[in-house]
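What follows is each chain in one-letter form.
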Amino acid sequence: MARQQVLEKTKVSDRIFLFQPCVGSNKYPGLITSATEFFRKLGIELVTSDDQTCCGGFLTFTNVAQPTSTMPAVARNIAVAEEMGLDILTLCNGCHTFLTEFSHFMNDRPPVKNVVNVILSMIGREYKGSQDIYHSLEIIYKLKEKIRKNVTRSLSGMRFATHYGCHYLNGFKKTALDDPHMPTIMEELIEAMGGEIAEYGENRTCCGTGLTQIIINKETLSLPHTKMKLDNLNAAEPDAVVVVCPYCLAQIDRMQQKLNYRGSGDYKVPVIHLVQLVGLALGVDVVKLGFDAHAISFKNFLRKFESVQAKAEVVNG
Amino acid sequence: MHETNKEWLPGFDKKFAELTHQMVKDLEKCLQCGKCTGQCPAAKLSSYNPREIIRDLRMGNVDKVISSHELWLCFFCSGCYAVCPRDINFPFAVSMLRYAALAQGYGWEEVKEIKDPYAQDYYNTGLSVNVNERNLGVKKEIAKNSGTDGRIETVRRKMGLPPKRKISQRAMSEIRFIADATGMTDLFKEIDKKVAKEKSWNYGSPADLVKVKKGPNQKFIDIEDEEKERIS
Ligand code: SF4
Ligand code: SF4
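Protein chains in written order, with my numbering: chain R, 1 to 317; chain Y, 1001 to 1232.
Think of the hints as simulated: they come from the structure by calculation, not from any bench. Just so it is clear, the structure is predicted and the values come from calculations on it, not from any experiment. Yeah, the Cβ is synthetic: ideal placement off N, Cα and C, and Gly gets one too. One thing to keep in mind: the hints can contain errors.
Label pairs and their computed distance ranges (CB to CB) [stated by the list, open to error]:
1) Y/Pro1117 x R/Val287: 27 to 35 Å
2) Y/Gly1105 x R/Met122: 32 to 40 Å
3) R/Glu306 x Y/Gly1105: 53 to 61 Å
4) Y/Lys1193 x R/Gln4: 52 to 60 Å
5) Y/Met1172 x R/Arg3: 35 to 43 Å
Chain R with its partners taken away, still in its complex shape:
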């Protein structure tokens, strides 16, 4: 689908259901606060619910639960948003994949949907398939011009590398907002906020989490892969690397610590989720961006950022 068509399909309501990711709450809570705060600045209210749990799809693709078990679990979570009449915004490539794939699977097969609803009826819920499910990139890109106008702390003078992750662009090559091979939407967004791009060759390679490889083949597959990516990334000398998935964030952030600990290098690139970056540019309180929860320090990044801001103030009088 062409980008224009996806953008036309993307509807940004003034209230959206924020689907909270597990890693984004229990490891990197800044994702939720950043998103909530900057969307509020743009006049959009993100609504959360204590009834929403882990999406549930993760357990399927790691083979610890059958799709017949997780399909109703995913449908239940979507139903929570449907009951409020809200579209869903996801901050995680995984949540987005599982919610979207499973809802398509059910919508395309009425008998499956019926069986799921038999189970849901026993807990007083129903999956309708009435609301849209969006990846954060879709909504944020749609708001690009509004974001540009609302920048209060320009990112100019800062260099960013991008990492799109696998599951949005690759897995949805027919329906995603951008091309899986040479995407530019994140770069355009960064430039709209005044930032510069640090290009590197391994941009489109996986972070190395590999869904389960970080657990079952950490030493032979996951870590060597991440190291290869990091070495390539570091050569571009970015001030930070921008991601759109908390799993990518966790992998790139934490594996740097691990490699440093083992004496396999000196890795210190801060990893920032796109919602934290937009929050930073739109003037969200730095404490609320949640950099404190990251393993790789933002000290140098913030010092450079502050000095660039101070210079800009002098220039602008």
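Fit chain Y with the ligands to the given chain R structure using the hints.
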């Protein structure tokens, strides 16, 4: 993986559909062009080869694939799907083949490693990722960066959030009902039982590496830290 020659199976996709919960179609359309393998991160680092797996399946060597170590090396990055001229969603096939492998008694150890931290947390807290930091090295870094004790609860409080994300009682009872009624809980128990009983299929885990590498300069001690934290 060594390939044995058999005839190209007619009506393969139809046969295959049952094995994969009808989630994977179109393997029959594979051109054997090898684009998938060319960009595959797992193929770069191991003997894994998605094109060869498809060929093997098409040759009727389904058991060989299902019992193979390679089946557990896929990153699920979907890079193969992105480049495939036939739009074959191969990682979906891998996931479904892994279920078929479990049914034949393979792969239980891999699944157990994933189940223990994530599925347990899902059933007990509603979230698959726990708030407790298992890696003490990361905890130390967070403590240093944030000027706290390094616990996420403390960082959350500093940000004006409650120490833990709240999941309602209703949600907990609902997901447990679904898990119990659909056989999810039974599968968890089966994984525990199976792996405790037979340790047949072991080709090395991070824990083994710790043992091997142990020496005067214990480079891999951080994994042990993780283990300790998990136990405590
Ligand atoms: S890229 Fe597609 S068509 Fe080519 S070998 Fe791989 S699966 Fe077959
Ligand atoms: S999804 Fe699996 S088979 Fe496909 S490119 Fe990624 S690692 Fe290779």
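Numbered hints the structure breaks, given as an ascending list:
none
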